[in-house]
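Chains A and B supply the protein sequences, listed in that same order.
Taking our numbering, the leading residue of the first sequence gets 1, the next gets one more, and so forth.
Taking our numbering, the leading residue of the second sequence gets 250, the next gets one more, and so forth.
It should be emphasised that the hints constitute simulated quantities derived from the structure, not laboratory data.
Among the hints, erroneous ones may be present.
[Said to hold, decoys possible] Capping the alpha-carbon separation at 27 angstroms, the derived lysine-lysine pairs in DSS-like fashion look like this:
1) Lys424/B to Lys135/A
2) Lys424/B to Lys107/A
3) Lys76/A to Lys424/B
4) Lys117/A to Lys106/A
5) Lys72/A to Lys5/A
6) Lys135/A to Lys191/A
7) Lys117/A to Lys424/B
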Amino acid sequence: MLEVKSLSKSFDGFKAVNNANLDVQKGEIVAVIGPNGAGKTTLFNLITGILRPDSGTVHFKGENITGLPPYKVCRKRISRSFQVVNIFPRLTVFENVQVSILSREKKTWNLFTPSSKLVTDETSQILENVGLVEKRDRTTALLSHGDRKVLEIAMALGGDPEFLILDEPTAGMAPEETARCIELVKSLSGKLGLTILFCEHDMEIVFGIADRIMVMVRGATIVQGSCDEVRCNEAVQDAYLGGSDVCLM
Amino acid sequence: MLKGMLEGRGRIWWAAAIILMFLLPFILPRFYLYLLSIILLTGLLATSLNLVLGYGGIFQFHHAVFYGAGAYGTALILTRTGLSPWISFIVGPLVSAALGLIIGWVCIRLSKLYFAMLQISLGSLVWIIVYRWYSFTGGDDGIHGIPLPDILSSSNNAYYFTLAVTLICLFAMHKIVRSPFGSALQGIRDNPVRCEMIGINVKRHQLLALMIAGFFAGVAGSLFVVVDNTVFPDMLFWTLSLEICIMCLLGGWFTFLGPMLGAAIIIALRTFVSTYTTYWALVLGILMALVIFFLPNGVLGYVEEKIKKGFIEPVIKE
Numbered sequence: 001m002l003e004v005k006s007l008s009k010s011f012d013g014f015k016a017v018n019n020a021n022l023d024v025q026k027g028e029i030v031a032v033i034g035p036n037g038a039g040k041t042t043l044f045n046l047i048t049g050i051l052r053p054d055s056g057t058v059h060f061k062g063e064n065i066t067g068l069p070p071y072k073v074c075r076k077r078i079s080r081s082f083q084v085v086n087i088f089p090r091l092t093v094f095e096n097v098q099v100s101i102l103s104r105e106k107k108t109w110n111l112f113t114p115s116s117k118l119v120t121d122e123t124s125q126i127l128e129n130v131g132l133v134e135k136r137d138r139t140t141a142l143l144s145h146g147d148r149k150v151l152e153i154a155m156a157l158g159g160d161p162e163f164l165i166l167d168e169p170t171a172g173m174a175p176e177e178t179a180r181c182i183e184l185v186k187s188l189s190g191k192l193g194l195t196i197l198f199c200e201h202d203m204e205i206v207f208g209i210a211d212r213i214m215v216m217v218r219g220a221t222i223v224q225g226s227c228d229e230v231r232c233n234e235a236v237q238d239a240y241l242g243g244s245d246v247c248l249m
Numbered sequence: 250m251l252k253g254m255l256e257g258r259g260r261i262w263w264a265a266a267i268i269l270m271f272l273l274p275f276i277l278p279r280f281y282l283y284l285l286s287i288i289l290l291t292g293l294l295a296t297s298l299n300l301v302l303g304y305g306g307i308f309q310f311h312h313a314v315f316y317g318a319g320a321y322g323t324a325l326i327l328t329r330t331g332l333s334p335w336i337s338f339i340v341g342p343l344v345s346a347a348l349g350l351i352i353g354w355v356c357i358r359l360s361k362l363y364f365a366m367l368q369i370s371l372g373s374l375v376w377i378i379v380y381r382w383y384s385f386t387g388g389d390d391g392i393h394g395i396p397l398p399d400i401l402s403s404s405n406n407a408y409y410f411t412l413a414v415t416l417i418c419l420f421a422m423h424k425i426v427r428s429p430f431g432s433a434l435q436g437i438r439d440n441p442v443r444c445e446m447i448g449i450n451v452k453r454h455q456l457l458a459l460m461i462a463g464f465f466a467g468v469a470g471s472l473f474v475v476v477d478n479t480v481f482p483d484m485l486f487w488t489l490s491l492e493i494c495i496m497c498l499l500g501g502w503f504t505f506l507g508p509m510l511g512a513a514i515i516i517a518l519r520t521f522v523s524t525y526t527t528y529w530a531l532v533l534g535i536l537m538a539l540v541i542f543f544l545p546n547g548v549l550g551y552v553e554e555k556i557k558k559g560f561i562e563p564v565i566k567e
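Next up, chain B with everything else stripped away, as it sits in the complex (with noise of 0.2 angstroms):
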């Protein structure tokens, strides 16, 4: 199935890691299976964001909307409506696409840093319809205690479902950059006024990776409601983008798997330093600082650079 991410030999340890991937509820303690399965999620959403963020060059700064749209989506519909709960997972990351089809839309006439600060500004509207509707959304105390479906309420089923679905997502994300349109976007991220000269209606490319960047937020946000059965209206917080956007920065925005590993570090080192002191925002602060001198290109591109160094040089940077 994943044979597209797959290269050379790195097809054996992909699938090994899997595997373990698979395996690992049979040896980790509850606690762990959650916060794996945050990562995950998270992962997810970072690497929605640098469809658009690293692949597109698309200043999407309030990218955490979306995610909250197809959590309350789905959490809406499995606590106010009788249908099934699996159309509340389907109808979550359509809500997030629409959405990201509205606020593209009002957004893509302006571009780089005005598109950001227009876009942040819709977003935040969003989150504060989210916050004070209370008879709708409820409000600032969001909603708790989630009813799901049986088969996901154990942690390990959820972990499962998490993770199946968080790989489905990424294998589409990947062909999607793969693809023609993928290729489009990247050159529309590098040279816009050429891609036009080529022929490309370059808003509606970038319109259609919102949506698409967009639903796969959804996605996220849906699965957050399985793994954690409650959504808040901090999930579309600004603070929540500032953070997905570091993860990719920090994990290689050039990269495809880079925002999946930003977020596994980031998440993984708040959970150990939240122990041990309440400074987090700090150390956060610091571990961005010294991404931005020292890697660049971030982790992964990082790496990336010092395997190919061998044969091609590092990409100068614009």
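The following block holds chain A by itself, in its conformation from the complex (with noise of 0.2 angstroms):
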């Protein structure tokens, strides 16, 4: 479904992303893992228009994206969260997710229409599935983190995704909520069958819940495969033990 090949940014000479290469099929969930500093944002930048590659070319379901502005990926059904919390601090709940959905069904140039009748129902529902129902008149300044970054994932849903990018979706959360979050993001593949590229520093996650782990190490795709293939992979341990034989988790 997405494919990613020998792609490359560099940043004043610090080469970011070097030769990164990445397949994705449809109901996967797979995950891009790396030490920090590894390239993995950036990487998640080019996909989606937010950086323009050096080289490389991005194709999704068979069309090529690379260089499209981040509008236009959003239009191909391509929805990402991020991993710093990016949602507006000055509209509620209620409305962060709406303006993701009216925005999918064109509706922004409409200026005459009142918002509050628009897509109502919709972003309920979209509310209901991740948990954030009750507090959706609430400004989101005064979320707790948890709840900013599951909104973060209800924005990105707002677009009605067929590819969903989760950039760290559980950093800096609590472990009850790091739990809900990762049945939601299960849930998102089985019920709605998305499929879904993420990246996550904890393992015991992307062990539980990816099918297959890309792992990138200063900007380079170094394996993309199974869990049990990138678990005892040697470069992998390289880079993340050392050296050891030890098999990762």
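Fit chain to chain and form the complex, with the hints in mind.
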């Protein structure tokens, strides 16, 4: 479904992403792992058009989407959530998700129908699915960190995606919030049949929900394969454990 | 007509206030009626600025250009062509909207303060053209004694016209703020990157917002022609832009009616203070400093905060 080929991007000579390769099949959950600074977020930024790659290609469902601006990538039904919470702090929880849906339905050029009468059912439905329905009228600046991360995902869902990119969905969450978030991600894949690409530092989560794993080190893909293949791969052990023989996890 | 603006019990108060506004010419002397007209149209100007400043997060620091463009557009058609005066009232705002599109199109590729700087430069360019082009705009003399249709020539009728047009424009802008476009605009203000990522073409939305704001600023300019019968280049000077920015901040730039309130406070205060001292700018400066320190959300923002405090805590400043 998504195919990334030898993608590269440097900043002032620093190769943040250097020959990254990735393929994701429909319905899969694929994790991207790698040490801090390996270029995971930059890779996501390249896929979603926030950054333009220096070289390499991104194909989605056979179509070349390399270098499209983010709003056009989004219209291909690719949504993402961000590692650092990236929401609309002055709007309410409900409005945050609503804007996302309005945008997908191309209603944002409508000047005279009150927003409050549009796509309310769908917004409520999404909030219900992610468990934020009681907090719908709160200004998002007042939410807890965990709730904001969930709202991130809810906003991404507003775009009715086929392909969902989650950048460290559980970063900074309390243990019970993490558990809730993982249930949510699993249900998105199970119930809604979304294809999910995510990155995460917690190996327990990665090996718990991913079908396949791609490992990045210093901007380059060193391996992509099933959990077992990755677990005992020497290059991965090198990167993570400094060359011991112990398998990850 | 104003249903959208009115909520719950407030509705009766609004209706009463509007009826009172329409009755004022029977009790107020002519000078105060003139002052009220100026407050209304300046409030409209400040509200149009707030559409892009408070709701759009675009630092349009030279908004008066569109006010002046609307006023000159109307005045030039009234004095130099034989067209119906009513056409001039449409053309003025359209000129402003077109200017908003042109200046916006150039500036929008920059953001925040860089946008502001470029916008001030281009705005000042328009000002100097108007200021120096004697044969067309009258230069620094401006244009005086602009002929108006008979029905608008009495000060009462000019007031009624200003009041009605201002109310209609406020109603329209309120609609826009509450529309999906308004929601998208507020999203862009809060987080442009995220907006792109949910599929919004940020620049195009901002450009439309700048055009709409320009249009309503142009309406305010045309109203000034009706109320004052004159236009002059100072209407496009950046000090006026600064003053309407202050009106937005003073009234509350995250509230819809804040800029109108800010305009009322500043114009009333200026009129009052100027009878005692020539140092009006000093008073304004001190006032502004106090507002920034004690009422960061403006007067109306402060009031709203107090009202809400019972069940929702105030919004945390970014």
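Right, here's what the structure says about each hint:
no.	hint	verdict
1	Lys424/B to Lys135/A	holds, 26 angstroms
2	Lys424/B to Lys107/A	holds, 15 angstroms
3	Lys76/A to Lys424/B	violated, 31 angstroms
4	Lys117/A to Lys106/A	holds, 15 angstroms
5	Lys72/A to Lys5/A	holds, 20 angstroms
6	Lys135/A to Lys191/A	holds, 24 angstroms
7	Lys117/A to Lys424/B	holds, 13 angstroms
Going down the numbered hints, you'll see the structure goes against just number 3.
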